[in-house]
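S.K.: Here are the chains, one letter per residue:
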Amino acid sequence: MMDIANKIKEIAKKLLESGEIDVFIAWEKGNFDYQTRPFFARTADDVEKIVFDEYSVHNLANFLLKYRDGKEKIGLVVKGCDSRGIVRLLEDSQFQRDRLYIVGVCCPGMKDPLQTMKDNSGLNKNPAADSLAAKCKSCIQPNPVIYDELLGEQQNPGIEGERFARVREIENMDAGERYQFFAGVLSQCIRCYACRQVCVACNCRTCIFDETRPQWVGRETSIEDNMMYHLVRASHMAGRCIECGECERVCPVNIPLMLINQKLVKDVSELYGPYEAGMEYIEGAKPPLSTYKENDPDDFI
Amino acid sequence: MHKCDCNPLVPDIVEVIEIVEETPDVKTFNVKSEKGVPFDVMPGQLAMLSLVPVGEAMFSVSWQEEKEYLQFAIKRVGLMTDELHKIDVGQQLGIRGPYGNGFPVEECKGKDMLFIGGGIGLAPLRSFIKYCFKHRQDYGKIQILYGSRSYADLCFKEELFEKWPGQKDTEVFVTIDNPEEGWDGHVGFVPSYLEEINPDPAGKIAVTCGPPIMIKFVLQALEKMGYTDEQVITTLEMRMKCGIGKCGRCNIGSEYICLDGPVFNLAQLKKLPPEW
Amino acid sequence: MKVLSKDKLETVFNRLAQESDVYVPMQRGEQSGFFSFLTYDAARDEIALDILNTYLPPKNIILPQTEKMYSFRQEGTKVNIEEVYEDSQPKIIFGIRGCDAKAVECLDMVFLTRGYEDSFYKSRRENTVIIANACYAPGPNCFCESMGIDPVNPRPADVIIRDTGNGTLVWEAASDKGKKISDQISEFLEEKDVKLPEAKQCQRQVAYDGVAEKLRDMFASPVWDKLSEPCQNCGICTYLCPTCYCFDIQVKSWGEEGYRFRCWDSCMYREYTQMAGGHNPRETGTERFRNRFLHKLEFFKERYGTSLCTGCGRCIIACPVGIDITNIVDLIKEVDAGA
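Chains as they are written, first to last, in my numbering: chain A, 1 to 301; chain B, 1 to 276; chain C, 1 to 339.
Bound-form chain A, shown alone (with noise of 0.2 Å):
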């Protein structure tokens, strides 16, 4: 990995000398050996404090909407799964490529900084293991799809177990079961949109949560009005989310939010696929949802 890291970082400092990008996005190292974080260079010097270790767990590519009105020319790492949120905001228009100079890094699982603070910091009595992050152990996709260079060796899939296994175990509950599950976990919704907020595929302009005029979804942390937010925007996330896991990594009430997603994804691949978000960058192609056709079926409207 410092292999990499120093590679990174001779690109990184080749790009902004010679002024081809504004910032490159990359991660640098916090207060702590296992806290690394997202980081912004804008000089050479900066440049020195880039860091790619086992912790760089971030996908980077969400940064990039902070950026999306502005000129600014942006380098920045991705590995397998971020990539693939490149190529969602490629899609949905967000971004232009020509704007972009994407490092790809072949990835072999990363540990989850958020998860070794909390671990660390004397108020969690139920530390995890310190092994994998959670999400790269349904990792599909380790190797970027898009990347103007890449690094690192390619790398197999850290995916454990059947895929959907997790869904079918839902799927397979009664009703009443699956809403007390449900209930259970989204009860302890805070509202602090964090899964929102980290999303590639939430690029909208103005939040439905946030319409004001009017209001779809309530400010109460009632179960109705969780179940509420969460829904609507697991049905958003139809189709665009690159399961990147970022939402579930950083939800600080442990919501298995990917359970939701996962379970859009073997819907969307089941009855508009094959189908994977983001695998791919087609200029002008679309998720399945983002598409209309006349003969497209309306029986149940």
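No lab work stands behind these hints: they were computed from the structure. These figures come from a predicted structure and were not determined experimentally. Treat the hints with care, as some may be off.
Unchecked claim - One-sided excerpt, in silico: chain A residues whose CB lies under 7 Å from chain C:
{"#": "1", "residue": "G30"}
{"#": "2", "residue": "Q35"}
{"#": "3", "residue": "R37"}
{"#": "4", "residue": "P38"}
{"#": "5", "residue": "S121"}
{"#": "6", "residue": "G122"}
{"#": "7", "residue": "L123"}
{"#": "8", "residue": "K125"}
{"#": "9", "residue": "C192"}
{"#": "10", "residue": "Y193"}
{"#": "11", "residue": "Q197"}
{"#": "12", "residue": "V198"}
{"#": "13", "residue": "D210"}
{"#": "14", "residue": "T221"}
{"#": "15", "residue": "P252"}
{"#": "16", "residue": "N254"}
Just so it is clear, CB atoms sit at the ideal spot from N, CA and C, and this is done for glycine as well.
Since the structure of chain A is already known, use the hints to place chains B and C on it.
M.R.: Quick look at chains B and C alone, frame taken from chain A:
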């Protein structure tokens, strides 16, 4: 200071007794409670009105008529005000207040007064203007400069064109943004008309309210004309929810608009971050 | 010294729960928080008075995330306020740490001073007993000492408990409310001399002195652009903060009836300052980020005389992008005020 020991976030009930259509998107609502006015209001103070099942919003009280009723001139700009514009006389509303510091009516005594308003910004100024007329002997010359997008958008036309110009030692200047048929008055934005009129700062207090962008240019213009920071007063608007300095959102720096404002003179305003 | 044996804790909770809703630090699955003893389930929960602190702060006990204010009914043009929900159910927060106790003091300043008393808060607060747990071994993200807190002498407190590390808690009543609680459980308190652990200093030290004053000249500083760049404007830091108190007031209605409620809000959200007419004084993420830190470090101190950060470290632990308020204070110390 809240005077009663009741819950300050729970509203009293008032009834709408009259509705006047001022412009295509501004209506004036006269409201009274069983005892007349629900509470006494000084010029420039605020009250939280609720169309109870819809929402609450903070408005400047545009006049208190004796102990009889309160007046609110309300522009249709959002969900709550859309619904307010649909109600009829007889509708009951929730009300709580009064909030905020209000205009410094005492400190202004003996001074000439210059009021500069834009659009719905005349609503809060009107409470002070009418107060001056009511206590005419306490104030010197009164000049009122008011502008809106068009003739139709001018609020309080009867007062503007008939009642106020006839008052003793009073001048009223009205402008609209763009020329239109039938209008032979002044055309142009408020700040530039202000520079044309060029009112002498000696012994004068300028009070302004309007859209944030108008206020910013008016303040610049007044400064250029030699008004000191203490001679210039404005009333600000921020989003408010509680009205009692608890909910957090109406801060500018460490001041809360609902408690410490909404009225500031320019000297006070300059000590605050320019975030309004 | 009055001493309570830890193996009697559950009995004590049961006794106190006869009259009060007792909130106790628990590890519940992956989550730690102050949960009502009534919801304690031995199969799922671990009572955790020995935990450094809970991940979820205890502020919701006196300032619930969602709180009904009053119900109403509208018939035709007539409106009636039906019921006002002021909660006076006695509550005990058992085992709050010094940082979170200080946070309660900050909430008291907001809700009980400066012109108005908030009746909903007041009713709940007056009926809440604070049993504070002295902290002898701060964690890696704790910096309460730098924020003027003495972790072994938590304030405000009705009772202070001190974990001896040997299966006992020293019990010190610190107010009349505390004495009453002590009387309720006197049969479980023994008179005994025990040795207290040695207090360790916070590993993190922050030089907060002078920061509020310096920040007055830093509103327009470009450091905010740089500091806020990684911030994704989620609400985790505000909702896990023991002092963040900002709230929204909203309505839920169906047909002719409904209720008005308030709920936590976050200055990180654009909608927080969005005005109906379209103007928003804090439109950008950077402006919202700046307001949050200025509120914590400068504005609150100007208004109430104390900072709105108590050094609990939760935002440092939970920020998805590793924003660290102690780094920000350090940086503010370093830079030229104008730059």
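S.K.: All hints, please: hold or fail.
M.R.: Structure-based check of each hint:
1. G30: Hint on A:G30: holds, closest Cβ of chain C at ~5 Å, below 7 Å.
2. Q35: holds (6 Å)
3. R37: holds (3 Å)
4. P38: Where the cut-off is 7 Å and the nearest Cβ of chain C is about 5 Å from A:P38, the hint holds.
5. S121: This hint holds: A:S121 lies near chain C, its Cβ roughly 5 Å from the closest one there, short of 7 Å.
6. G122: holds (3 Å)
7. L123: Because about 4 Å separates A:L123 from the closest Cβ in chain C, which is inside the 7 Å limit, the hint holds.
8. K125: It holds, given that the least Cβ distance between A:K125 and chain C is near 4 Å, below 7 Å.
9. C192: Result: holds, 4 Å to nearest chain C Cβ.
10. Y193: holds (6 Å)
11. Q197: holds (4 Å)
12. V198: Hint on A:V198: holds, closest Cβ of chain C at ~6 Å, below 7 Å.
13. D210: Status holds, d = 5 Å.
14. T221: Since the shortest Cβ distance to chain C is 5 Å, the answer is holds.
15. P252: Given a least distance of 5 Å, the restraint on A:P252 holds.
16. N254: Since chain C brings a Cβ to about 5 Å from A:N254, closer than 7 Å, the hint holds.
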